[in-house]
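This is what each chain is made of:
There are 4 protein chains.
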Amino acid sequence: MINLAVFGAGRIGSVHAVNANNLGSVQIKYLVDPVRGEHQALLAARIGAQNVSADTVFSDPSIDGVIIASSTNTHAELLLKAAKAGKAIFCEKPVSLNFSTVETVTDAVDASGVDCLLAFQRRYDPDFRFVRDRVWSGDAGTLEHIVMHTRDPSAPSLAYISHSGGMFRDQAIHDFDMARYLLGEEIVTVYAVGNCLIDKAIGNAGDIDTAMVTLTSASGRFVQMINCRRAPFGYDQRLEVLCSKEVLYVENRPQRGVTIADVNGFRGSPPMNYFIERFAAAYRDEMLAFVDMIETGSKPLAGIRDGLEAQRVAEAAIISMQTGTPIHIGPDWRP
Amino acid sequence: MINLAVFGAGRIGSVHAVNANNLGSVQIKYLVDPVRGEHQALLAARIGAQNVSADTVFSDPSIDGVIIASSTNTHAELLLKAAKAGKAIFCEKPVSLNFSTVETVTDAVDASGVDCLLAFQRRYDPDFRFVRDRVWSGDAGTLEHIVMHTRDPSAPSLAYISHSGGMFRDQAIHDFDMARYLLGEEIVTVYAVGNCLIDKAIGNAGDIDTAMVTLTSASGRFVQMINCRRAPFGYDQRLEVLCSKEVLYVENRPQRGVTIADVNGFRGSPPMNYFIERFAAAYRDEMLAFVDMIETGSKPLAGIRDGLEAQRVAEAAIISMQTGTPIHIGPDWRP
Amino acid sequence: MINLAVFGAGRIGSVHAVNANNLGSVQIKYLVDPVRGEHQALLAARIGAQNVSADTVFSDPSIDGVIIASSTNTHAELLLKAAKAGKAIFCEKPVSLNFSTVETVTDAVDASGVDCLLAFQRRYDPDFRFVRDRVWSGDAGTLEHIVMHTRDPSAPSLAYISHSGGMFRDQAIHDFDMARYLLGEEIVTVYAVGNCLIDKAIGNAGDIDTAMVTLTSASGRFVQMINCRRAPFGYDQRLEVLCSKEVLYVENRPQRGVTIADVNGFRGSPPMNYFIERFAAAYRDEMLAFVDMIETGSKPLAGIRDGLEAQRVAEAAIISMQTGTPIHIGPDWRP
Amino acid sequence: MINLAVFGAGRIGSVHAVNANNLGSVQIKYLVDPVRGEHQALLAARIGAQNVSADTVFSDPSIDGVIIASSTNTHAELLLKAAKAGKAIFCEKPVSLNFSTVETVTDAVDASGVDCLLAFQRRYDPDFRFVRDRVWSGDAGTLEHIVMHTRDPSAPSLAYISHSGGMFRDQAIHDFDMARYLLGEEIVTVYAVGNCLIDKAIGNAGDIDTAMVTLTSASGRFVQMINCRRAPFGYDQRLEVLCSKEVLYVENRPQRGVTIADVNGFRGSPPMNYFIERFAAAYRDEMLAFVDMIETGSKPLAGIRDGLEAQRVAEAAIISMQTGTPIHIGPDWRP
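One line per chain: the protein sequences are W, R, G and U, in this order. All residue numbers for the first sequence refer to the working numbering, where the first residue is 517 and numbers rise by one. All residue numbers for the second sequence refer to the working numbering, where the first residue is 517 and numbers rise by one. All residue numbers for the third sequence refer to the working numbering, where the first residue is 517 and numbers rise by one. All residue numbers for the fourth sequence refer to the working numbering, where the first residue is 517 and numbers rise by one.
Note that these hints are calculated values from the structure, not bench results. Predicted model, so just to flag it, every value in this text is computed and none were measured. Be careful, since some hints might not be right.
Just so you know, same-sequence chains aren't split out, so a pair can sit in one copy or run between any two.
[Said to hold, decoys possible] Calculated lysine to any residue pairs in the SDA-like style (CA-CA distance at most 25 Å, straight line):
| hint | residue 1 | residue 2 |
| --- | --- | --- |
| 1 | 761 | 791 |
| 2 | 545 | 614 |
| 3 | 761 | 673 |
| 4 | 545 | 561 |
| 5 | 761 | 849 |
| 6 | 761 | 846 |
| 7 | 761 | 672 |
| 8 | 815 | 660 |
| 9 | 716 | 655 |
| 10 | 716 | 653 |
| 11 | 597 | 570 |
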């Protein structure tokens, strides 16, 4: 039996807690949330977990691993404590909105030798995974370029935006990660443009709602990203990978399998609108991978250093947008 | 240079005259239409054809072939005259609404030895042809059953309906033909139900607007037909052929290649709504085949006997609907 | 807390037991299976259920309802016992392969006044339900005809076939039920053809693998069913409802949201191949409805009499196929 | 009757000559081609045109307009002569590969007052036109950003590439034009990356085969272009316009309306592979517009100044790619 502790009983913490609890071999011993709301108490009761202090978790030798899904500003400290206590780590992105903190924590976790899965869940989505496997099998030929569309169903609240770190660090970071993952090499040039075309209030909150980002990889291949905070039809999350023999597409997943035809044409369903629903299978597989990592030492699809590298690209995108010039980056570049 | 005469300058006659005229090697010498309207005169002028009597056509030794696209009640006589005069024949379906006339004319044309292409244009449509060729190549495995949808964009006028011979002889006959063509064998049992579900006025005119027909072939394979006089979205003309290794579908052809996405989903274009537009390529290829038949003696995809056999199935469908029982047919069966 | 007993720990019994157990308000007290295999023991342990005799279940006053998912030949007796004991019933179809038994049991259950949900799960599928609701709302206009495709991914084992009651009672019964459900009226004429076109061994086992069925409703509307035991691409489960303003389609659900394009075209994913996966949401919603029926007295989407009426149509289809004639049925008709 | 002269009897010249000749009110008097090959002679004979010198054309007062479809290096001189002679002009893009020549000729044609249609045929394509009309009608809301995919079915010959002016001037220019046309405003910033990822021989010939271009418009809206010389499945020519209420897509047009389903999934047809076929309707409508411009003075969808502005963007893209920086352009900018 694997004993786990979950930090954070919010939206994504609840998903992870339930997924972990559904695995036969897992016991969620602690569900730590300093703000003990009704929802948290119900969930804790349902899965048989206690709400204790973080220090109690880290000093309990029976705990095999921790799931860090609390608010972003707590990640760095919990990661350092977990590394010190030798607990396996599952951590939501980002490690920190401050890049130098990300570097420090990444180095510390690496040095500690603990296993760490960084929760870029899209790597675990069956569709994205199918495409990655096909590209890497060679059946599709040589990867030449990538196009990614990421459009939210609607803009998040201004409160969320104000402490999100901005659209590049918050939303586009999944695309930066996917680009690196599919290419299997680092990004060396980043050009980004951004603007508020959907809602001026987002601009007043210091963020953008629409961006185009062009990435060039070390070997000279290209990645194009289209990012925005709203598509009229809902959540738009697509991938197109052009290889020499095949083009591989990850499509949106429809809400319904119903088509309605009338004099205006054939109307198909809008896509699943909520990322928790769209990526339900990814979250389950990600948790399975975490438990497998603890049990067998298997490598996760994304580690803590992947978080650092994706964030490096995000920082370069922000500076590119601000300065109007492409930014050249390498392992020593920092904002 | 091939010299042709066209009988009938209506909708379908005009299509055939223009298609024939566009072939470099064809001269349309005569465009025969007893009702010389303005449209006919314009078309004759455009293609350089004369309007003469039928007898003039058949006694002109320079005429290689005739295209019979006049009203249905003139087909039989023109076919017999063409056969007697030794002219190659392109004839619109049906030969006659009277089955015994069809038999008599078919036998006479056969006995004359003239080449005859019966204009089941769907056999010449590139999509239907692709499916037929794939089935017959064996790549799809063994054909097991067929499903066909034929729904008109809207019901024809009551005037048209009253002398159309009814939906089975007028519309469904193309499906009866396609069934025989794909199966490569005859139909032995026909069960049909029909009703007026769209417009009671059609029923008052003595016809139906909705039918389901089940065919059983000599070897025991099945064909299912869904026929009606209107689909809410327009013209619905689809084929589904289930073979042991593949299912082959002929889809509708959309009017536009545009999709519109909004909060209600993804809206694709309605299909091409007019059979003259949907089957434009089929009509061109059919005329090419007729000219090639004259020039090289090649066999057309459908001959006059195919018209007889399709009509035999249509007659059985009518009786089945009227009596409520399946009708067993064979080469000697007649209504 | 609702206390339930589950009869049968096989494939479908396990699905129901897990779904019921996942509802917060349900306790599965008994999981009854006379053949106590390892799988059953594991499941019982996981959900905290005991394996007892049927009589123990029915004499336990704390039991609110029973889920009958054992083998078909046990359904009738369990239904009668449950009705006598006053337990709410969730019963897998069919009640019995013997029609007069179905009638007897249906009358007994009805007379007992116990609530009974007959598990035609397709009525609970979100896509089929969406279509039914749209038809009944009137937004789509008047329903005129229905076309249903049901093709299994592959033929079941000959052992299964030999005690399945045949394809009409086993597979097509879901379509007979859906036809009645969508039309909101009874079927009065049934014409069916069937043959072994896929595998002659199925014929030797006394069954067919391919069928076409035409239903006529009391008001003269039509339903066409295409049923077979295998589609080359997998599970094919589609619905097309033509109404006067709209055509509504339930499509297959794809396994993946990935398209692969190469020189041969655009290749989309095959559909979900396993009915347990395809109808996962339907099974969950069906169990929710059962529990809600117990708690609030709400009416289920299908009751025991719906099982009887669907089976009446199946019996007529069998006789139609055997005799080659359409069968006219009514409330007093029996095979 | 409108009298026209066509310069150039190559691939595109032939299309225009045939389309013009098919219009009832047009006489192609001259088909000018200094290299009188067999193909040219046949076409001239078919449409009843003479092959004469350019000067003969321009000094013939009966000529209403000229169609310039000869090789690029002859466009500027023919445009100037046509402007001087007061002939209405239909001219293939580009005016010249030399930007200052384009400027000079554009000013001269403008000053002459002759009507000129610049052959950006995509503006006349029914699908692109439908989208443009919908955007401009306001029904789709406010246009926020555009994504365009242009991938050739395969790289052109190295001979073609060497005098094509490079991929931005030759291929991407249609996208630059479409961007301006849809936005209704000018581009102010251009960022382009390019590389040889498909075939190194293209690089040795001094060109690229893959590019990503980001455009920013005067009002701060974005256009993203994905351009390359080959897609594994054929010709890829798509448009995506995100507006505040709708996303509008122009899809590829399939070769066939046939789908093949087997154990590997559902395989749809590859798209029409040849731009002459894909844009057949656009070429016809463009010629209709030219004749209408002569007959009624109607404004064409693209004039000579549109060619200049699209080329300005192309020149900026080239410099951006070469220098690695975004280029800011305005009406006075030149390379």
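These are the hints, each one checked on the structure:
no., hint, in the structure
1, 761 x 791, "between (31 Å within a copy, 21 Å between copies)"
2, 545 x 614, "neither (31 Å within a copy, 54 Å between copies)"
3, 761 x 673, "between (43 Å within a copy, 20 Å between copies)"
4, 545 x 561, "both (11 Å within a copy, 21 Å between copies)"
5, 761 x 849, "neither (35 Å within a copy, 41 Å between copies)"
6, 761 x 846, "neither (31 Å within a copy, 41 Å between copies)"
7, 761 x 672, "between (39 Å within a copy, 18 Å between copies)"
8, 815 x 660, "neither (27 Å within a copy, 42 Å between copies)"
9, 716 x 655, "between (46 Å within a copy, 22 Å between copies)"
10, 716 x 653, "between (45 Å within a copy, 24 Å between copies)"
11, 597 x 570, "within (9 Å within a copy, 55 Å between copies)"
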